[in-house]
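A.B. asks: Sequences are here, hints too, so could you generate the full structure?
When we follow the numbering used here, the leftmost residue of the sequence shown carries the number 334, and every step to the right adds one.
Hints are not guaranteed to be accurate.
What the hints assert, rightly or not - Think about it this way: if two alpha-carbon atoms lie no more than 20 Å apart in a straight line, the pair counts; the simulated SDA-like pairs of lysine to any residue are:
(1) K402 with V419
(2) K383 with G435
(3) K383 with T434
(4) K402 with T434
(5) K600 with A499
(6) K556 with R566
(7) K556 with D446
(8) K600 with H551
(9) K402 with L390
(10) K402 with D391
(11) K413 with R604
(12) K402 with Q412
(13) K600 with A500
(14) K600 with E483
(15) K600 with E417
(16) K556 with L473
(17) K556 with D569
(18) K413 with T579
(19) K413 with T382
(20) K556 with S524
(21) K556 with A500
(22) K600 with S406
(23) K383 with V408
(24) K402 with K383
(25) K600 with H525
(26) K600 with G415
(27) K383 with E483
I should point out that these hints are in silico values taken from the structure, not numbers from a laboratory.
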Amino acid sequence: MGARHNSRALAADDLATQANADRPWRRLLAHRPLGGLCHLIRVREQGVTKPRIGIDLDLEHDGRRWIYKLSTSYVQAIQKLGAEPVLLTPDDQRSPREIFTGIDGLLLTGGDDPHPALFGERGTRLPTRLLSYRRENFLLQIARELLQSELPCLAICLGSQMLQVAAGGTMWVDLASQWQGPLCQHSGGASHLVHPEPGSLLEQLWEQRSASLVSHHHQAVRKLAPGFQLEARAEDGVIEAWRSETHPFLLATQWHPEIQSEELGGKRVLRTFLDACQS
334 MGARHNSRAL
344 AADDLATQAN
354 ADRPWRRLLA
364 HRPLGGLCHL
374 IRVREQGVTK
384 PRIGIDLDLE
394 HDGRRWIYKL
404 STSYVQAIQK
414 LGAEPVLLTP
424 DDQRSPREIF
434 TGIDGLLLTG
444 GDDPHPALFG
454 ERGTRLPTRL
464 LSYRRENFLL
474 QIARELLQSE
484 LPCLAICLGS
494 QMLQVAAGGT
504 MWVDLASQWQ
514 GPLCQHSGGA
524 SHLVHPEPGS
534 LLEQLWEQRS
544 ASLVSHHHQA
554 VRKLAPGFQL
564 EARAEDGVIE
574 AWRSETHPFL
584 LATQWHPEIQ
594 SEELGGKRVL
604 RTFLDACQS
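C.D. replies: Following this line, the structure appears as structure tokens:
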């Protein structure tokens, strides 16, 4: 998966059975193989250090200067799982491929809005709070390289949206203005129910039909690009999660699992992501 993954492959049936029982994401993918991931069980060599998880920083102008920003909840969630956070700035001069060689997984974080022109909405007058160009460009480069790699990734909120934009998906510019029908409260840290799709990874992780999750967004993915599978919707129908059909582990959520790291909607998602980074 990542270039730092020091692993050896074993084809033993008993190891495969145990690993699949312990990790629902393996069990699901074993029935729907993605790139051959589940034909072998990867076991880490003895002495491997804790996994390094890249976390991208936001970039914002405070009226006087540009500053990097990151909610402590992302870092704390990764540390609680026993992993090492590696902070990635939008001004990193390395190529995405070079960045990926130093990490075992990637956590793409939330932020402001991607420019509507990126998904075919040039000239819109709907309300937006645009992302800084530097971070937007950085995320696009990261997303394009990620889609061609095998690096495990959990993409949250803006991270989910930027991956879909890079892959050719579309977005709602402003849910309140464009959504037809009843709409949940998605912004301001509101909680609402999210329902996993039948047979999805999230359904197996949660083992129940819904979870109450926290959202901070006014945009959302409108149509998934080809090669991606719907994982969950809010009770109003808004897409809340998806995953890649071909990447070994690429899961995206519109809600913020790092805020609910001790609850169902966060803990199992984060744990599953880290399992993938250690495989």
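A.B. asks: State for each hint whether it applies.
C.D. replies: Hints and how they fare:
1. Between K402 and V419 the CA atoms are separated by roughly 14 Å; this keeps the pair inside 20 Å, and the hint holds.
2. This hinted pair checks out: K383 and G435 have alpha carbons roughly 13 Å apart, not beyond 20 Å.
3. Under the criterion of a C-alpha separation no larger than 20 Å, the hint pairing K383 with T434 is consistent with the structure, at around 15 Å.
4. With a C-alpha separation of about 24 Å, the suggested pair K402 and T434 falls outside the 20 Å cut-off, and the hint is violated.
5. Between K600 and A499, the direct Cα distance comes to roughly 28 Å. Violation of the 20 Å bound is thereby established for this hinted pair.
6. Under the criterion of a C-alpha separation no larger than 20 Å, the hint pairing K556 with R566 is consistent with the structure, at around 12 Å.
7. Taking the CA atoms of K556 and D446, the gap is near 17 Å; set against the 20 Å cutoff, the hint holds.
8. Pair hint K600 plus H551 does not hold up; C-alpha atoms about 24 Å apart against a cutoff of 20 Å.
9. Among the hinted pairs, K402 with L390 is consistent with the structure: their alpha-carbon atoms are about 6 Å apart, no more than 20 Å.
10. Restraint check for K402 and D391: satisfied, since their Cα atoms lie roughly 5 Å apart, inside the 20 Å limit.
11. At roughly 10 Å between alpha-carbon atoms, K413 and R604 fall within 20 Å of each other, so this suggested pair holds.
12. Restraint check for K402 and Q412: the C-alpha separation of about 18 Å stays at or below 20 Å, so the hint holds.
13. With a C-alpha separation of about 28 Å, the suggested pair K600 and A500 falls outside the 20 Å cut-off, and the hint is violated.
14. Simply put, K600 and E483 have alpha-carbon atoms about 23 Å apart, too far for the 20 Å limit, and the pair is violated.
15. Annotation: proposed proximity of K600 to E417 holds, straight-line Cα distance about 17 Å (limit 20 Å).
16. This hinted pair checks out: K556 and L473 have alpha carbons roughly 18 Å apart, not beyond 20 Å.
17. Only pairs whose Cα atoms come within 20 Å are accepted, and K556 paired with D569 is accepted, the gap being roughly 15 Å.
18. For the suggested pair K413 and T579, the alpha carbons sit about 29 Å apart, so the restraint of at most 20 Å is broken.
19. At most 20 Å may separate the alpha-carbon atoms for a hinted pair to count; K413 and T382 meet this at roughly 16 Å.
20. Proposed proximity of K556 and S524 is contradicted: the alpha carbons are some 23 Å apart, above 20 Å.
21. As the CA atoms of K556 and A500 are separated by approximately 11 Å, the hinted pair is consistent with the 20 Å bound.
22. In summary, the hint linking K600 to S406 is supported, as the alpha carbons are separated by about 13 Å, within the 20 Å threshold.
23. A C-alpha spacing of about 15 Å is found between K383 and V408, which places the hinted pair at or below 20 Å, so the restraint holds.
24. A distance of roughly 25 Å separates the Cα atoms of K402 and K383; the hinted pair therefore is violated under the 20 Å criterion.
25. Only pairs whose Cα atoms come within 20 Å are accepted, and K600 paired with H525 is accepted, the gap being roughly 17 Å.
26. Restraint check for K600 and G415: satisfied, since their Cα atoms lie roughly 13 Å apart, inside the 20 Å limit.
27. About 19 Å separates the Cα atoms of K383 and E483, which keeps this hinted pair within 20 Å; it holds.
When the structure is compared with the earlier hints, violations turn up for hints 4, 5, 8, 13, 14, 18, 20 and 24 and for no others.
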